[in-house]
Amino acid sequence: MTTLPPLPCYLNGEFTLLPDAKISVMDRGFIFGDGVYEVVPAYGGQLFRFAEHMARLDRSLAELRIANPLTHAQWAEVAQQLMTTFATAQGVGADALDQLIYIQITRGVALRDHVMPTGITPTVFVMTNTMKLPTEAQRSQGVACVTADDFRWEKAHIKSTSLLGAVFARQISFDAGALETVMFRDGFLSEAAASNVWVVKGGKVLGTPKDSLVLEGIRYGLIEEICRTRGIPFELRRVSREEVQDADELLLSSATKEVLPVTLLDGRPVGNGRPGPVYAQLMAGYSEAKAQSRPA
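No gaps in the numbering here: position 204 of the sequence shown is 269 in the numbering used here, and each next residue is one more.
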């Protein structure tokens, strides 16, 4: 049996430790995966692009017809207390650590019925841990990915806890010794198992449209901002499998990957097989944004 580490967490109004946090077996998150989640990075104790994460949380909850149980300020307070508690346990201040805040809200506890019950209290769970970022080798050499057809449902814009499709997709790349699975729906790029995917061709950054077939990562807005600031052409449109295979550069983005170059796809080099100049500019811009978010 795996023993859970004594990480600080918050469950339904109380601060506790992971091994002591318990929910009902009739929680609809456990029975149906009927809930949403959000993952917020924090650099040096400062929540990164928190307003954007809260906006996406609101959108996901609205799709599930669940009222947000906390205000944005209350979510921030919970996160800050968890970060402080975790850092104190490590013998340092919160400003000395980069942490990852995981938020989950389910519809709550009710007898099993597919129909969405009303009048029940949502289950609220938050935890934190050290953020594990890409290694220097991954940044300097790039990573390998494989491709697969996107077999998931058509409401990928909801950051749902029903992640079995993503689990299957990530297992494909894990079994192949790769970092991620780049997926295509009807011959066009959608996203990776746990990342957004960006194509660079002729100096332009291409991404998939913001629709129900992909989860709009928080880095969507950030990458567009960096491109605008640095004069890099940026476009969101349907991107064909052939364009991905012929890309000059291929990039992943997520809370933990930040921006990461893909240099091998299905065993073939991407571009010249090395991280490219557009990646270098985007990573520099990302690093600047992180530095600006840290306490002075």
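Each hint should be verified, as a subset may be incorrect.
When the alpha-carbon atoms are kept at most 35 Å apart in a straight line, the in silico DSBU-like pairs for lysine-lysine are as follows [said to hold, decoys possible]:
id	residue 1	residue 2
1	K220	K355
2	K197	K266
3	K197	K87
4	K220	K275
5	K220	K266
6	K355	K266
7	K355	K269
8	K269	K197
9	K266	K87
10	K275	K197
11	K275	K355
12	K269	K220
13	K355	K197
14	K220	K197
If you're looking for bench data, these hints aren't it; they were derived computationally from the structure.
Between the alpha carbons of K269 and K220, is the straight-line distance 35 Å or under? holds, 28 Å
Does K266 sit within 35 Å of K197, going by the straight-line distance between their CA atoms? holds, 30 Å
Check the hint pairing K220 with K266 against an upper bound of 35 Å on the C-alpha distance. Roughly 29 Å separates the two Cα atoms, so the pair holds.
Does K355 pair with K266 here, judged by a C-alpha cut-off of 35 Å? holds, 26 Å
Tell me if the straight-line CA distance from K355 to K269 falls inside 35 Å. holds, 23 Å
Hinted pair, alpha-carbon criterion (35 Å max): K269, K197. Please report holds or violated. holds, 29 Å
Taking only the CA atoms, is the gap from K275 to K197 under or equal to 35 Å? holds, 27 Å
Is it true that the CA of K220 sits at most 35 Å from the CA of K355? holds, 31 Å
Proposed proximity, K87 with K197 (alpha carbon, max 35 Å): With Cα atoms ~26 Å apart, K197 and K87 stay inside 35 Å; holds.
Please work out if K275 and K355 have their alpha carbons no farther apart than 35 Å. holds, 24 Å
Taking only the CA atoms, is the gap from K220 to K197 under or equal to 35 Å? Distance of about 28 Å is within 35 Å: holds.
For a C-alpha distance cap of 35 Å, please report whether K220 and K275 respect it. Distance of about 12 Å is within 35 Å: holds.
When each numbered hint is compared with the structure, a violation occurs for hint 9 only.
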